[in-house]
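There are 2 protein chains.
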Amino acid sequence: MRSTELQIIGIPGLPEVAAGSRLDELIAAAVRSHGIGVKQKDIFVVAQKIVSKAEGRLVRLETVDPSPLARSWAEAHGKEAAVVEVILGQSRRLVRMDRGILIAETAQGFVCANAGVDASNVPPGSVTLLPEDPDRSAAELRVALERQFRVPLAVIVCDTFGRPWRQGLVNVALGVSGMDPFMDYRGHSDAFGCRLEATLIAAADELASAAELVMGKTAQIPVALVRGFNYPRAEGTGRRMIRPGDEDLFR
Amino acid sequence: MRSTELQIIGIPGLPEVAAGSRLDELIAAAVRSHGIGVKQKDIFVVAQKIVSKAEGRLVRLETVDPSPLARSWAEAHGKEAAVVEVILGQSRRLVRMDRGILIAETAQGFVCANAGVDASNVPPGSVTLLPEDPDRSAAELRVALERQFRVPLAVIVCDTFGRPWRQGLVNVALGVSGMDPFMDYRGHSDAFGCRLEATLIAAADELASAAELVMGKTAQIPVALVRGFNYPRAEGTGRRMIRPGDEDLFR
Numbered sequence: 001m002r003s004t005e006l007q008i009i010g011i012p013g014l015p016e017v018a019a020g021s022r023l024d025e026l027i028a029a030a031v032r033s034h035g036i037g038v039k040q041k042d043i044f045v046v047a048q049k050i051v052s053k054a055e056g057r058l059v060r061l062e063t064v065d066p067s068p069l070a071r072s073w074a075e076a077h078g079k080e081a082a083v084v085e086v087i088l089g090q091s092r093r094l095v096r097m098d099r100g101i102l103i104a105e106t107a108q109g110f111v112c113a114n115a116g117v118d119a120s121n122v123p124p125g126s127v128t129l130l131p132e133d134p135d136r137s138a139a140e141l142r143v144a145l146e147r148q149f150r151v152p153l154a155v156i157v158c159d160t161f162g163r164p165w166r167q168g169l170v171n172v173a174l175g176v177s178g179m180d181p182f183m184d185y186r187g188h189s190d191a192f193g194c195r196l197e198a199t200l201i202a203a204a205d206e207l208a209s210a211a212e213l214v215m216g217k218t219a220q221i222p223v224a225l226v227r228g229f230n231y232p233r234a235e236g237t238g239r240r241m242i243r244p245g246d247e248d249l250f251r
Numbered sequence: 001m002r003s004t005e006l007q008i009i010g011i012p013g014l015p016e017v018a019a020g021s022r023l024d025e026l027i028a029a030a031v032r033s034h035g036i037g038v039k040q041k042d043i044f045v046v047a048q049k050i051v052s053k054a055e056g057r058l059v060r061l062e063t064v065d066p067s068p069l070a071r072s073w074a075e076a077h078g079k080e081a082a083v084v085e086v087i088l089g090q091s092r093r094l095v096r097m098d099r100g101i102l103i104a105e106t107a108q109g110f111v112c113a114n115a116g117v118d119a120s121n122v123p124p125g126s127v128t129l130l131p132e133d134p135d136r137s138a139a140e141l142r143v144a145l146e147r148q149f150r151v152p153l154a155v156i157v158c159d160t161f162g163r164p165w166r167q168g169l170v171n172v173a174l175g176v177s178g179m180d181p182f183m184d185y186r187g188h189s190d191a192f193g194c195r196l197e198a199t200l201i202a203a204a205d206e207l208a209s210a211a212e213l214v215m216g217k218t219a220q221i222p223v224a225l226v227r228g229f230n231y232p233r234a235e236g237t238g239r240r241m242i243r244p245g246d247e248d249l250f251r
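Chains as they are written, first to last, in my numbering: chain A, 1 to 251; chain B, 1 to 251.
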């Protein structure tokens, strides 16, 4: 049996992204300037932050009028009331509001801290929101990148999320296009001929995590290319990776 | 800025592992038979399953005498009573016991389904337990592999766990040796000079997830090599990746 190999290539050199920036053009220019040839079925993993910026998903805090709830929570926990107000506005349900931590279910259905509202790597006085529809963002970028490179590709829009039970953040897939987000071993047999029962692997999340290892939070590498992962081509969505609320024992 | 690149290399060709197998020798033979040169700071990611087998962490179900609780839960949800009994025996606390799903805090402190007890890829009539001390397993294997290859290395012992809120399993790090399991950006400044506040990245979990992409559940690739990740060398533990119960909002 041959050894299998995956490459994870960080793409530096993107300029600062602004509302209306054409990400496909910026990514293509950065890829070409590093002499990286793009191959069929390469997967572009793109940080939510630049997608949100390109889509104009920034809020200037001076335009925000905090509610009494936002004010009291901010005061009790040393937060900025305008930021808390933006978080509440991005939430369709608060899962936990405890010890200064706000875990929300976002309008898109994600469960994460601060409803994905983030003040890092944005101009002071502003915060970014998650893309309105990360699957649409991923699909549009995939089509544009396929036009740039003339090969079938996949795109994952990712963000770093915390999780219960374990310390630290990991990158997960918010939007997915061009691939099935799962590897489904259910019904396959193991080496002893036993049927595997519950093995549905969240491949798109693992790809997002792998990409994060070359991204770095301060190094401004918001895009990585994953090469050598043999996925089944599919329309794909990140939405399918969200566990439905009524099947979830932890909200 | 140069592009950064990571390689994830699956190591096939390990024989079936039994109690007492020397994993360092089996891994070294498989690596050499594929002509893969091992380099300084390469990270070996090793599936819990073969570590548990080498350590004799198998239970033959015919030796198990199920308690009334195990019997009633098994009967209510179509499970095998002996397997449920083994799960209860590996648990120090049950976090959820609902809709046929058993989420336990294990003796080692992990929170996961079925206390990590697993019937896949083991001889019929047996189940594997998690290693008694995955950090010790990782440390012993690291020292042995460093002796084999004569370069400093890191080892991660991993398993696929489910998680709240999101569908599908991802690989996480149970035991870690030779590296800091985190990338800690707290106190660093972003591109706009803002201090990053909460950015502690669970690098060892992301490395485990990356490795899983070349492992495959049925392909019998229980070991992967990650090359090119520039980690700070440290004693390292996987135990530090477990969120303390009193800081956890979800148990």
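Just so you know, these hints were derived from the structure itself, not from any lab. Heads up, a few of these hints could be off.
One copy or any two copies: either way a pair holds, since identical chains are not told apart in the list.
[Claimed, not checked] Distance condition first, Cα-Cα at most 25 Å in a straight line; then the derived SDA-like pairs of lysine to any residue:
| no. | residue 1 | residue 2 |
| --- | --- | --- |
| 1 | Lys79 | Gly187 |
| 2 | Lys79 | Tyr185 |
| 3 | Lys41 | Ala30 |
| 4 | Lys39 | Ser72 |
| 5 | Lys41 | Val59 |
| 6 | Lys41 | Arg239 |
| 7 | Lys79 | Gln7 |
| 8 | Lys39 | Pro68 |
| 9 | Lys39 | Arg227 |
| 10 | Lys39 | Val83 |
| 11 | Lys39 | Arg71 |
| 12 | Lys41 | Asn121 |
| 13 | Lys41 | Pro12 |
How the hints compare with the structure:
1. Lys79 <-> Gly187: For Lys79 and Gly187, the Cα distance is within 25 Å only across copies (17 Å; inside one copy 49 Å).
2. Lys79 <-> Tyr185: between (45 Å within a copy, 20 Å between copies)
3. Lys41 <-> Ala30: Intra 19 Å, inter 29 Å, cutoff 25 Å: intra-copy only.
4. Lys39 <-> Ser72: neither (53 Å within a copy, 55 Å between copies)
5. Lys41 <-> Val59: neither (35 Å within a copy, 43 Å between copies)
6. Lys41 <-> Arg239: For Lys41 and Arg239, only the intra-copy Cα distance (21 Å) is at most 25 Å; the inter-copy one is 37 Å.
7. Lys79 <-> Gln7: Neither: 41 Å inside a chain and 41 Å across chains, both beyond 25 Å.
8. Lys39 <-> Pro68: neither (53 Å within a copy, 58 Å between copies)
9. Lys39 <-> Arg227: both (8 Å within a copy, 21 Å between copies)
10. Lys39 <-> Val83: Intra 42 Å, inter 47 Å, cutoff 25 Å: neither.
11. Lys39 <-> Arg71: Neither: 51 Å inside a chain and 54 Å across chains, both beyond 25 Å.
12. Lys41 <-> Asn121: For Lys41 and Asn121, neither the intra-copy (30 Å) nor the inter-copy (30 Å) Cα distance is at most 25 Å.
13. Lys41 <-> Pro12: both (21 Å within a copy, 23 Å between copies)
The earlier numbered hints that this structure contradicts are 4, 5, 7, 8, 10, 11, 12.
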